[in-house]
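Residue numbers (the UniProt record's numbering), protein chains in the order written: chain A, 1 to 180; chain B, 1 to 195.
Because the hints were derived from the structure by calculation, they are not lab data.
Incorrect hints may appear among the rest.
Unchecked claim - Between beta-carbon pairs, the in silico distance windows are: (1) 132(B) x 150(A): 31 to 41 Å; (2) 159(A) x 85(B): 33 to 43 Å; (3) 188(B) x 164(A): 21 to 31 Å; (4) 80(A) x 158(B): 43 to 53 Å; (5) 153(B) x 73(A): 42 to 52 Å; (6) 72(A) x 114(B): 21 to 31 Å.
Unchecked claim - Facing chain B, according to a computed beta carbon distance under 7 Å, are these residues of chain A, among others: (7) 35; (8) 38; (9) 40; (10) 41; (11) 43; (12) 44; (13) 45; (14) 47.
Think of the CB as a built atom: it goes at the ideal place given N, C-alpha and C, for glycine as much as any other residue.
As a plain string of letters, each chain reads:
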Amino acid sequence: MSRAGPLIALLVGLAVAAPSALAQQPDPPPPDAVGAVQDIVGAVESLDGTEQQSREGDTVTVALAGDVLFAFDSAELTTDAHTRLDGVAAKIAGESARGGLQVHGHADDQGSDAYNDDLSQRRAEAVEAALEQRLAGTGLTVDATGHGEREPRRPNVVDGVPDEENRAENRRVEIVYRLR
Amino acid sequence: MQRTLVCVVSAVTAVAAVAGCGSGKPVVVNPPASAQAPATADLSATAEPAPLPAPPGGPIAGQRVQVHSDGASLQVDLTGLTRQGELITLTWDITMVEQNAAGAWYVGTRMSDDNITGYDVSAVSLVDPVNAKRYLVARSGGEDGECVCSKTSSDPLAPGDASSFFATFTAPPPEVTQVDVELKSLGAFSGVPIS
Numbered sequence: 001m002s003r004a005g006p007l008i009a010l011l012v013g014l015a016v017a018a019p020s021a022l023a024q025q026p027d028p029p030p031p032d033a034v035g036a037v038q039d040i041v042g043a044v045e046s047l048d049g050t051e052q053q054s055r056e057g058d059t060v061t062v063a064l065a066g067d068v069l070f071a072f073d074s075a076e077l078t079t080d081a082h083t084r085l086d087g088v089a090a091k092i093a094g095e096s097a098r099g100g101l102q103v104h105g106h107a108d109d110q111g112s113d114a115y116n117d118d119l120s121q122r123r124a125e126a127v128e129a130a131l132e133q134r135l136a137g138t139g140l141t142v143d144a145t146g147h148g149e150r151e152p153r154r155p156n157v158v159d160g161v162p163d164e165e166n167r168a169e170n171r172r173v174e175i176v177y178r179l180r
Numbered sequence: 001m002q003r004t005l006v007c008v009v010s011a012v013t014a015v016a017a018v019a020g021c022g023s024g025k026p027v028v029v030n031p032p033a034s035a036q037a038p039a040t041a042d043l044s045a046t047a048e049p050a051p052l053p054a055p056p057g058g059p060i061a062g063q064r065v066q067v068h069s070d071g072a073s074l075q076v077d078l079t080g081l082t083r084q085g086e087l088i089t090l091t092w093d094i095t096m097v098e099q100n101a102a103g104a105w106y107v108g109t110r111m112s113d114d115n116i117t118g119y120d121v122s123a124v125s126l127v128d129p130v131n132a133k134r135y136l137v138a139r140s141g142g143e144d145g146e147c148v149c150s151k152t153s154s155d156p157l158a159p160g161d162a163s164s165f166f167a168t169f170t171a172p173p174p175e176v177t178q179v180d181v182e183l184k185s186l187g188a189f190s191g192v193p194i195s
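Next comes chain B alone, as it looks inside the complex (with noise of 0.2 Å):
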């Protein structure tokens, strides 16, 4: 379990995550190899995939958000929403910046469909509102098999300590220019661009 200090510098947030952060100059952080090539069963596929582009300058979304009935407060911004062949993978940073009074907030299942064991970020979806679709997270190797997306920490984020996360899902088609994006108990985006 990787923990990386990140420095998020949006428009929204400029005082809070500079006060928050050591040396104030953004840190690209980029989903893990394993999601920038689909695995496909198709050996005759010829496209490399191309890699995942750094958000070029800074994430596309941000919202803060306050954690209910809890105290903690949250940065979560979005740093990728990217096609790639049959898939898409969205890439988001969740950013500490005031804990609940017990000091002890962690992500664990709060993006999980199960809420009791799911320590990663299966619940989370994309919505298509023109057409009426829900994206749910992909899977590798059947409907049963391991969710194609993070796996989330029980450990307490200390403020200004940031946690990446990224999921894939089937790619809406090509006409589809934007979505929102649900991550479950943490938050709503919508209208987030596709690149």
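Extracted from the complex, chain A is given alone in its bound form (with noise of 0.2 Å):
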């Protein structure tokens, strides 16, 4: 055979390949196929993030540290948490936010369900309350849950350790709330 037999039969075999290669197109997807469509939601936070804000569609969650509003063990709203609170009402107000809100409070792990459970139900209340308060004449509704520790944002404990930054990111309280 010649030294150009092989290159030629090469050339063609690619030649013949090459149209029905580039012809393949996928299998049409079946008829009953559903694409799901979902919110992206980006997180914005205050600097020292303490105060999270993120909204999913038409409702809008401020997620605020609980050691900033409140002391260790205690379901009383500290003098910083006043004025956080001035702010998420203020602004809350100022979106036109419709209908009820919620405060939703979250506890680390540290401690029994059943405290962890009362505890957060308490500053969830606390807020509640403050809240009301400020959005008086509004028409806004305030609605309180306490949801322990089984709720928690990040995890508390990672390799076997405690995380701190976790777990304080875990003591929270979430202001839900819909914009008109």
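Now that you have both chains on their own, put them together as the hints suggest.
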């Protein structure tokens, strides 16, 4: 066989193969295929990380660090808390929120479930009362729920070691409201 | 996992980049298509998202990063910071300049908010110092959702090799024209203009 033979055979082979490779189309999707559409949610937080806001569709969540709002083991609002809640209430009123606000209290994993359920409920109620006071006359209602340690945002314990930063993030109160 | 050989030519690193690359020609790297159209439940939106523009002359900001106590040296270049609708997408390249002694440095979890298993860039954030706000990486489908950002690899990068990344955030208000960019342990940039 001449030296060109194998080369020609190769080129012919490629010429035959290439168009069919290009002509191949993926199978059409089944007619009942459904693609989920998700909201994209980006949180924005204060530089000290103690207050975070995110929006999903019409629903806004403001998360406040428990350590700013309350002293250790307490459900009594600190002075700082009152200032923060002044700001949050003003924002809610200014954004023409409608209907009901929900306040969710959360705890980290320290202490028993029962203890955390109780503390987070009392803390949520303290924030509820503070917001009701500030939003009186707006027609907005406020509702409070304690979730104990059941809904951590970050793992309390990482690789067997408690993570204090994560725990602090889990000790939070979330205020959820809907925009008009 | 794609590895793209990128020659990034910038005023700061022209010598090093050219020395490490073959053709010397800048290659524009665009983020994947999924970053270009925000998924939104509002199906009545009529505005078409504009395609992300290629950086006109190279990176918008770049710096050499010495990885602490490691000996590895990287070139980090921001290639885009672009608003699209309610979102803003940051794109950047990391080019290995000099590997550590073991030749084993890889990106891994260094830009993730999960130090142990997070092979993504979820710890990257934008900081607006004027309004004292930090923008955290966006998530799809709620705050527990998937990060709208690149995944990372545990493959060591050879000198001259680059990886490209993106991360999407809620866009700051229109009057904010520049932000600081924090790449967690791989460097920070201040005053990056938003396009």
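So which of those numbered hints doesn't the model satisfy? Hint check: 7 fails alone, others pass.
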